[in-house]
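Chains as they are written, first to last, in our numbering: chain A, 11 to 152; chain B, 136 to 286.
In case anyone wonders, no lab produced these hints; they're calculated from the structure. Note that the structure is predicted; figures quoted are calculated from it, not measured. It is possible that some hints are incorrect.
As the list claims (entries may be wrong) - Computed spacing ranges between beta-carbons, pair by pair:
1) Met-136(B) with Arg-147(A): 19 to 29 Å
2) Leu-140(B) with Phe-149(A): 29 to 39 Å
3) Leu-210(B) with Gly-56(A): 10 to 20 Å
4) Val-170(B) with Ser-87(A): 18 to 28 Å
Stated by the list, open to error - Computed cross-link-like contacts, SDA-like style, restricted to lysine to any residue with a CA-CA straight-line distance of at most 20 Å:
5) Lys-271(B) with Arg-53(A)
6) Lys-271(B) with Ser-218(B)
7) Lys-271(B) with Ala-54(A)
8) Lys-197(B) with Gly-38(A)
9) Lys-271(B) with Ala-52(A)
10) Lys-197(B) with Arg-53(A)
A virtual CB, placed ideally from N, CA and C, is assigned to each residue, including glycine.
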Amino acid sequence: MEHFTPYSSLAGGALIGLAATLLWLMNGRVAGISGIVNGVFARAAGDTAWRVWFLAGLLAGGAIYVAFTGLPFQLRSDFPMPLLILAGFLVGFGTRLGSGCTSGHGVCGIARLSRRSLVATAVFLTTAMLTVFLITRNFVEL
Amino acid sequence: MPAQLTGFLAGLLFGLGLAVSQMINPNKVIGFLNVAGDWDPSLALVLFAAVSVNFIGFRWTKRRTRPLFADVFHLPTRADLDSRLIAGAAVFGVGWGLGGYCPGPALAALSIGSWEPVIFVGAMLIGSLLARLYEKNTLPAKEATPARGNG
Chain A
11 MEHFTPYSSL AGGALIGLAA TLLWLMNGRV AGISGIVNGV FARAAGDTAW
61 RVWFLAGLLA GGAIYVAFTG LPFQLRSDFP MPLLILAGFL VGFGTRLGSG
111 CTSGHGVCGI ARLSRRSLVA TAVFLTTAML TVFLITRNFV EL
Chain B
136 MPAQLTGFLA GLLFGLGLAV SQMINPNKVI GFLNVAGDWD PSLALVLFAA
186 VSVNFIGFRW TKRRTRPLFA DVFHLPTRAD LDSRLIAGAA VFGVGWGLGG
236 YCPGPALAAL SIGSWEPVIF VGAMLIGSLL ARLYEKNTLP AKEATPARGN
286 G
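In isolation and in its complexed conformation, chain B is listed as follows (with noise of 0.2 Å):
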């Protein structure tokens, strides 16, 4: 299956990524945000290159009708801000401060011998989980977030 070895690839390069740019490690990831302290502005460039790179690609596909190994590009449409995506990024931003994982690293650092992430991915699984319900439980159904957003 060609979506599967592309998914895998896609997901080699990525994790690859991350452990080059040394975003596996937490105490980097919290340096960079320490931005009135000693600061390390590395963590920026990272978020630069990933982001030109990206954007060169995603004009580059724009032509495309479909994508090589799938029927359509499933691009999130929504452009309306609401609560939910303000609160949500608060709360996690939180997190990513107090622990100094954001969910890719935490995954890519999963296999290389730390307990930590092991952990982290545990409760972020269950915050995820919960939140699901919270949103079922809180929110009429048409306003329901689908199970897949950004990110």
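So that you can see chain A by itself, here it is in the shape it has in the complex (with noise of 0.2 Å):
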């Protein structure tokens, strides 16, 4: 546990539960990260300019944040390309079949104790945690 880092986790925990409260209250609408995204793509009238906002302040703020303190760790470097890929792609697969991320599901779901993202948010966090296990352990060699 030495990389635990209780204090700045739960100040950027607060910060997402704050700008999610103000997306609905402000805009009516849940911050999920992947349905803000796909419905970018799906270009329903009048419905695109926010999203294209939210996503470009998330954009600024990571960007921001590094500018502001430095890199707060070392860039991983050794990541094999194929498998980014790989994992972008489950990810994106995943997330449209799934209706919903860690953001939607994990952050908003689980806020408005909604079942399917409960659920949605067990199994996620299941499969992700067997994947390291499986590959930490090699049981999949990478």
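Need the complex rebuilt from these two chains, each delivered in its own frame; the hints are there to steer you.
Set out below in structure tokens:
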């Protein structure tokens, strides 16, 4: 547990919760990132602009933090490219099929006690932990 | 347009939160998922804090009939557990554990000086597009999922 960062985790989590509350109160929208991204490409009338602005803010938030504090960690540089592409593909496919990701099901769905989101979160946490377990135990050769 | 400005502000806070909590660091995320190894519980606290604040916020807005800068609250209404929800979540989890990125952190990390998120997001968009084609071709029209789900 030497890497445990309780305070920055709680502070960052609170910011995420505040952001989700704001988007709900102001725009009446669930702050689910995969859903917001997918909606950009659905191009429903009058429904694209706020999504693009939200995503612009998301990018800016990460960039501004790093610009002011410097990168708080070392960039990963040795990760195999084919696996990164496979990971991205699975995340895109799975979040569309399952109607949500960590933010939509995890942060927002659980907060409003949605049964679908509770189940989805339990499932993706389980398969993610299993995947890491299999890789770290070398059951799956990377 | 207030809705665009508030959308941007919400995104900005969300991105800052992901950066402050270091969720934009895939090794940190994998450290959390590695429950049987050198476990880093940080992400559990991120989720706990985010859910708690949002839970209070959601309750607090419950008596409102409409949001401040939009006509209606777009509340997901489905309550049934179907196989696509489970299968989709399972596939997402495998990708998350493999790469250490989920959609939010990958996007928030797009401009921090690493190529990883750029490649990841490109692959993610292709995966999402293929899932949409798959849904279109395999499901009867009335069951087709709307483009916008929960997350």
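Checked hints:
no.	hint	verdict
1	Met-136(B) with Arg-147(A): 19 to 29 Å	violated, 52 Å
2	Leu-140(B) with Phe-149(A): 29 to 39 Å	violated, 49 Å
3	Leu-210(B) with Gly-56(A): 10 to 20 Å	holds, 19 Å
4	Val-170(B) with Ser-87(A): 18 to 28 Å	holds, 26 Å
5	Lys-271(B) with Arg-53(A)	holds, 17 Å
6	Lys-271(B) with Ser-218(B)	holds, 16 Å
7	Lys-271(B) with Ala-54(A)	holds, 17 Å
8	Lys-197(B) with Gly-38(A)	holds, 11 Å
9	Lys-271(B) with Ala-52(A)	holds, 13 Å
10	Lys-197(B) with Arg-53(A)	violated, 29 Å
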